[in-house]
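Asks: So you can see what is in the structure, the chains are spelled out below.
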Amino acid sequence: MDQLVTANVATNLYWLGRNLERAKQTLYKISKAYDSIIDVDKDAGAKLFKIFDIELKYDNSVDFLQQAILGEHRSNILEITANARESAIISRHRIDSEAFGEIIELHALFDSLIKSDIEIDYKLIDHAHSLISEIYGALAKREHTNKSDLFIRMGKLVEEADFRLRFDKDAAITAEVIQEIDAIVVVLSEDEEEPAKQTQTQSSDEDDLLSAVNNKITQVIIE
Amino acid sequence: MLEKNTALHEKFWEIFNKQDRHKIDEFQTYMDKFAVNFNLYKDGNFIEQSLPFDIVPRIISKEEFAKIDKGLQQRVKALNLFLEDLYTDAKIVKEGIIPETFVKEAGGYLKEFVGFSPSQKVRAHINGIDLVKDSADDEWVILEDNLRVPSGASYPLSIRDTYRKIYPDFFEGLNIEPIKDYPSMISESMNYVNTGGIDVVLTPGRFNSAYYEHSYLAEKSGAQLVRPHELKVVDKKVYFKNYNGKLIRVGSVYKRLDDEFLDPKFFNPDSLIGVPGIIDAYLAGNVALLNAVGNGVADDKGIYYFVPKMIEYYLGEKAILKNAPTYLPYFEEDRKYIFDNMEKLVIKDVAEAGGYGVLFGHEMTAIQIEDLKTIVKANPRRFIAQELIEFYDEKCYLNKELQNRKADFRAYVVAAEDIKVWQCGLTRYALEEGNYLVNSSQGGGFKDTWVMEL
Chain A
5 MDQLVTANVA TNLYWLGRNL ERAKQTLYKI SKAYDSIIDV DKDAGAKLFK IFDIELKYDN
65 SVDFLQQAIL GEHRSNILEI TANARESAII SRHRIDSEAF GEIIELHALF DSLIKSDIEI
125 DYKLIDHAHS LISEIYGALA KREHTNKSDL FIRMGKLVEE ADFRLRFDKD AAITAEVIQE
185 IDAIVVVLSE DEEEPAKQTQ TQSSDEDDLL SAVNNKITQV IIE
Chain B
146 MLEKNTALHE KFWEIFNKQD RHKIDEFQTY MDKFAVNFNL YKDGNFIEQS LPFDIVPRII
206 SKEEFAKIDK GLQQRVKALN LFLEDLYTDA KIVKEGIIPE TFVKEAGGYL KEFVGFSPSQ
266 KVRAHINGID LVKDSADDEW VILEDNLRVP SGASYPLSIR DTYRKIYPDF FEGLNIEPIK
326 DYPSMISESM NYVNTGGIDV VLTPGRFNSA YYEHSYLAEK SGAQLVRPHE LKVVDKKVYF
386 KNYNGKLIRV GSVYKRLDDE FLDPKFFNPD SLIGVPGIID AYLAGNVALL NAVGNGVADD
446 KGIYYFVPKM IEYYLGEKAI LKNAPTYLPY FEEDRKYIFD NMEKLVIKDV AEAGGYGVLF
506 GHEMTAIQIE DLKTIVKANP RRFIAQELIE FYDEKCYLNK ELQNRKADFR AYVVAAEDIK
566 VWQCGLTRYA LEEGNYLVNS SQGGGFKDTW VMEL
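As they're listed, the protein sequences go chains A and B. First residue of the first sequence: 5, per the numbering used here; consecutive thereafter. First residue of the second sequence: 146, per the numbering used here; consecutive thereafter.
Excised from the complex, chain B in its bound form (with noise of 0.2 Å):
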């Protein structure tokens, strides 16, 4: 289903109707010689590609985008609120507001981490919150909250390059958000936490999926580009090895790695592509890491749930942006309800990220569903369930027509001295005509968002 014309849309099409649509083309070509990237490994073999791109934007409106912006700062606040509270006085689980067991058993909690607070008390710096525009109400509705590592910022800011050469008539006669400003936002963050030295972006390196965005934004950020062993830790203070060999203190280190990989000294001794001691340095307040380590907990999807309640524990205030209506099977009541209900809803492995891990009880047979029953009911906290949201498709220019597909949007919010929430955002749309997946790895493409007024 589609979301309804506004004139904004009106103005688009007037415009796309009269460019030339031979230059849609130019788009791949673009994609291709800039090497616009996101990687991936199949049968063991390592392939390069571009992901797929629609020309048609998604429009949101400056006063409904406004309205975004408000949410996410105030959800972004309040997470990171939760995350400081949570590994120092933890009054959110003493107060019983969520269940001690719940946290303790999220993959993401870090109980080493416990007592320690980074640089400026800010964990969540640079967040990616994925959320869909729920067709029965017109309300947009958060899916998930990205507080470790998410990519996908570089892809909107390169194409919107492209497309202002392109077709530059859009921009023209459009009030479009311009967007340039995501790497600065980052660099404003790094800088606000930085404990004296260079900012660093720190890749596990050329074959990694998004080596093209780790690329884009330390080039754009001003910030160095390092692969873990050419960052040294001495006496618990972390230095860039530049190319004569001298060593260079470092303030802040945006991490494009997990933690699990981050420091073979501290957690997987197996991992290859850590920098060995970078945990003492960052317990000893030498180095700012971003994202804070141990922010797994807080996007846990079982915790997902709770955040309405946070928001109204630490803020006092009502969520501004909803979540989908989500069960958690730990609970007997919402057990009930789900083992009712199955047939209807959406279930989802916590452990399980992009795309992989959810399962359509509307696509299950009945077997399936009593199979799954019995899993949930071996392993409640691993699984949670949300209602079916019957979110708006895109218009998508596809094969040389237009197309429908359903279509989410991952916005991006970064928290320096105040949290900012990037005018732009990716929108992730659907392989096939019905399909809810739009993970990249799902074979999904994406567009770029405008956020416009008349």
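Chain A on its own, in the form it takes in the complex (with noise of 0.2 Å):
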């Protein structure tokens, strides 16, 4: 396993693995809402929208996928992959190469609703739900060949967990998915003066442990 990587191209790995599970997270979010805003609750989106501290407004459920997506606010799913695409670029030579092209196809996706006339559609989110399938699938080709890749992955699970407890999903598994981020914490600090201990992160407070897996980074990079 090699041991080399700045802290600048393990950040952005780090938040590459976060912001595909937050595209993946969200537009499985947004195309359940949009689901029930066709003809069971016209303010699902709202609601969801709510959890992430942002006021949407839409005409219907057309015009929901058009602000949820494209939308000003600093959930919208161009920006996001904007960002995956931005830490892609900077960390290329630690990323799988196919995966790379994916990751550069999904942001083209969304980029190229600005430049045309097409209507945003469920066909668009199930392409970029198979896009984002495919770049997992590319990374995990050499998920355990390199550790820079375990900062992708715990970007990714601690993405996970992030949605897990703002969404209070069942508690055992987000237990479950926070000790294997305390677990790659563990490896990834193995190298340090004071190498972290396997410790479990538990907390009764929500806001507390989403504080708490949120910050597992600072406890890895030393910048």
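Mixed in with the good hints, there may be bad ones.
Said to hold, decoys possible - As a list, the in silico DSBU-like pairs of lysine-lysine whose alpha-carbon atoms are at most 30 Å apart: (1) B:Lys365 <-> B:Lys168; (2) A:Lys151 <-> B:Lys325; (3) B:Lys168 <-> A:Lys145; (4) B:Lys256 <-> B:Lys410; (5) A:Lys145 <-> B:Lys565; (6) B:Lys187 <-> A:Lys127; (7) A:Lys145 <-> B:Lys386; (8) B:Lys489 <-> A:Lys145; (9) A:Lys145 <-> B:Lys249; (10) B:Lys168 <-> A:Lys127; (11) A:Lys46 <-> A:Lys33; (12) A:Lys151 <-> B:Lys565; (13) A:Lys151 <-> B:Lys256; (14) B:Lys467 <-> B:Lys565; (15) B:Lys382 <-> A:Lys151; (16) B:Lys215 <-> B:Lys410; (17) B:Lys256 <-> B:Lys365; (18) B:Lys489 <-> B:Lys522; (19) B:Lys325 <-> A:Lys119; (20) B:Lys249 <-> B:Lys391; (21) A:Lys119 <-> B:Lys178.
By construction, these hints were calculated from the structure, which means they are not laboratory data.
Need the complex rebuilt from these two chains, each delivered in its own frame; the hints are there to steer you.
Replies: As structure tokens, this is what we get:
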């Protein structure tokens, strides 16, 4: 396993993992809300984005997709995929080339919407999900080859834990996810003068837990 | 004018004509998908763009390339000896082969490095030598030596990979030299001069025009890609800062930034992209820099004139590859010739690069020529003049049809214990028919170069 990664590349690999998972989870939630807006609950989209602390306004289901994906807010998918692309470019020498290509394509898929009159629909979301699955597949090819790949894995898991906590998912499974994050922290800090020990990240307070998970990376990367 | 078709060309076209042309679009898809980019700033905006690419390769026979190979090895060997001599004993100047003032007025000459000899006495490690094939006598001619930060090798490497996937028939049916060894040639050179520690590729960062190449070569050569502030100098030793705060000793740095930005403590104090103290470490012999600092003197367009003399002086041999006929207005006799023949010459400003500062006499008005004479007279060291070489066009498949474009050839020559020439190179073609400027910064494109035998 290689040991050498600059803090900048490590940070970008971590955020690549987070942004890919963020895009995946957000698209999934958007897809569910879209379905609900059509004929079940007109406010499903607004309720979803409230969890992200964003007040989202829309006229109908199609407009919801437009606002959720390209609207001017920090959870818009175009921005999330642009951030993933930027992180991938900076750390491309540490990423599987197929995965890199799919990341560029994922961003291009959303970027092309601004430059065209194509209406956003469910097919686009399905296509994006397929691309993300392909990216994960390509990344998995060398997941156990390089230590640097653990940064992507850690980012993905932190984002997954973040979503699980925000959406009150099964606590036992969330604990499993956090346990895996803790295990990665131990591996990534084993060369440090004071390596992290395998400790369980636990708290009954959801905000504390969320904050602890999101700050895990600071135990690993020393600028 | 096109070069005469050979049996190798015939074989290429035979296969080409059987291929599905629709698949040509896949090359651009690949370039976009994998961000094979050459970035630039236009009107203050950062633009990511892929280089224009043509699928028809330049074909050079193995026999013909063997002569180029030999000539380039000879040239780079002499240039290395020149640089080592110039910065130590300066015999070539003392013996009057090159005028002293001519060397000292060269922009790339750094008097602060006189007396310093780098690791293994290698100075020009990774070099790009630009050539054209003269249609007048069918001979290859050297146009320029790039001994500082020549770029471009990653483009044919990337496209060759794609070519093999899209059109495998060419590689199954033809005897083409493989080219994947370029990163290992770089690695060999870095290891040869390494003073103890890891190898790194030093990039100015993600917004540099050639960031794709820096990243690609670091990955393929096994070196670490670093930005300047990710290196730290302690007690005249260079260290790589790992993500966990550990410092790892660095033994060689393949630097992809110009000398004047390398160390703000030594050169430009305003440089935001340098590594403070790296020159002290270099001068203490604690790190190797590829290419050596101060090489700019040897790829100065004025010094180019003297390279055949260097070959004779250091190696006792005649130059295998000739220079373009060049005149220096610095010498009175040459100046007279230049002024009498300016309308048929190419005038180059030695301080410019990338196709800038190149003036074609045949395109200038009488008034412009008179103005230029005044400028040259006032500062003769700043200019050189060359005979216009009618170099061959290459066939290019552009806009779904074959068109002719002037094309040059950048060969990559890498020095380690031995000097090796990569069996490929970057063929650059001009944007428009009849245009002599092939540089990427002038809108030119590139194509692969196949060294082949029957």
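Asks: Go through the numbered hints given earlier and state which of them the structure violates, listing their numbers in rising order.
Replies: 5, 6, 8, 9, 12, 13, 16, 17, 19, 20
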